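**Student:** Sequence:
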Amino acid sequence: MDTERPPVGEEEKKEGLLKGDKYIWGIYFILCFISIIEIYSATSTLTFKEQDYFAPTIRHCIFLLLGTTLVVAIHNIPIKYFKLIPIFLIPVSGLLLVYTMFFGKTINGAQRVIQLFGFTVQPSELAKLGVITAVAFILARSQRPDGVSKDAFKNILWVVTPACLLILPENFSTAFLLGVVCFCMMIIGRIEWKKIALLVGIAIVFLSIIFLVIPRMPEGIPGMDRAQTWINRMAHFTGEDGVPAYEEPTVDENYQVHHARMAVANGGVFGLFPGNSIERDFLPQAFSDFIYAIIIEEMGYIGGIVVMLLYLWLLVRAGIIAKRCTRASPAFLIMGCTLIIVFQAIMHMAVSVGLMPVTGQPLPLISRGGTSTLITCVYFGIILSVSHYGVMPVTETKEAEEPEEAEGQKIEENTYYEGETPAAEDIRTRDVFY
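Residue numbers (my numbering): 297 to 730.
No lab work stands behind these hints: they were computed from the structure. Watch out, some of these pointers could steer you wrong.
Said to hold, decoys possible - The list that follows gives simulated cross-link-like pairs (lysine to aspartate or glutamate, EDC-like), each with its CA atoms no further than 20 Å apart:
(1) 450 with 488
(2) 401 with 447
(3) 491 with 442
(4) 446 with 488
(5) 490 with 442
(6) 619 with 442
(7) 490 with 447
(8) 345 with 577
As the structure is a prediction and not an experimental result, all values here were calculated from the model.
All chains, please: the whole structure from these sequences, using the hints.
**Tutor:** See the structure below:
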């Protein structure tokens with residue numbers, strides 16, 4: 297059974313502690329740096345409650361330090377061992393999600409977390425990681441020269457559907473995000489379009505029924521309060537409540553949305569500079585759900601664009617690395633982990649600037665969080681492991697003079713392992729489920 301081969305050569309010996317793609321390492325550390333600055337600035341409400349100016353920032357830095365330790369450790373793990381993630385996490389997260397539905401701790405009106413060994417754990421984050429890795433390995437195992445095996449679509453649904461249904465009652469946005477990422481992975485994995493279209497149709501019908509039936513349900517039914525919250529947010533966002541945005545009074549339901557818009561308006565092109573935010577004192581979740589609005593207020597539109605480009609750059613780098621992967625498993629792993637980070641970031645940014653209804657999704661690696669920060673670091677660890685272990689080693693030769701040609705054949709600029717073909721796509725169709 298073939299396995300991935302580690303990169304070799306003199307360059308590998310010089311990599312030291314931080315292996316893998318240097319651009320992704322750069323993106324990771326820049327996001328961490330921005331996070332520390334903005335958390336220090338945006339936690340004014342927490343410092344007032346705790347009567348300690350530095351405690352919230354120190355706590356966040358501890359999580360970032362733990363997360364960085366995870367990144368360093370995981371990016372040294374060969375890809376074949378990542379198959380253990382879904383085997384362990386899917387059943388465990390499923391049980392935790394069921395437990396959360398009945399005994400979870402309610403925070404900000406949602407019953408999403410539980411206390412486990414003295415720590416606050418968000419099971420939906422564990423479920424996302426388990427499902428993404430499972431879908432990646434299912435797609436990799438199902439690749440054929442003429443497409444994918446017939447059972448690939450069914451196997452993916454068996455994994456994704458239960459997870460989304462368990463997450464849905466208390467966290468619609470996370471279930472939606474997970475479904476969209478898996479949908480994109482199926483497109484990348486060459487699942488038949490008619491099956492994908494059927495899935496989209498079923499999802500639309502299911503959501504339509506939910507949004508039509510729930511408003512007519514009697515009060516007091518478990519889970520209906522959160523469902524009604526989704527509907528109210530959608531109605532408010534689409535204007536179905538009949539009140540133009542500029543005429544809306546600031547009430548509890550739209551308090552954060554209004555102050556997020558004020559923060560974006562205050563920022564202008566260059567911003568108020570870090571530490572000078574005004575709306576951080578009015579936004580209860582300035583350090584998490586609306587931190588991008590604070591970034592724009594303090595760093596301006598320029599800073600907001602830079603942050604957005606960092607996530608898009610991560611997606612571009614992941615795509616480049618996926619094309620260089622020698623097998624399908626690492627290619628699907630890196631794309632799945634990157635898509636969940638980038639799509640969540642886009643969702644958060646869209647909410648902060650008023651392009652989407654409120655979702656409660658944190659900005660990956662920047663927003664204050666415990667489980668979400670650590671799981672995001674796990675994604676980065678997997679991405680960097682793929683960039684280190686999963687790619688075809690390429691050595692570019694740069695001739696000081698014009699390359700010579702022999703018998704009309706141009707000298708190759710790339711070298712590969714002995715016996716391997718440059719046709720990476722042909723290799724990926726022969727992938728082995730590690």
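**Student:** Evaluate each hint against the coordinates.
**Tutor:** Here is what the structure says about each hint:
no. : hint         : verdict
1   : 450 with 488 : 12 Å, holds
2   : 401 with 447 : 39 Å, violated
3   : 491 with 442 : 16 Å, holds
4   : 446 with 488 : 9 Å, holds
5   : 490 with 442 : 16 Å, holds
6   : 619 with 442 : 18 Å, holds
7   : 490 with 447 : 14 Å, holds
8   : 345 with 577 : 12 Å, holds
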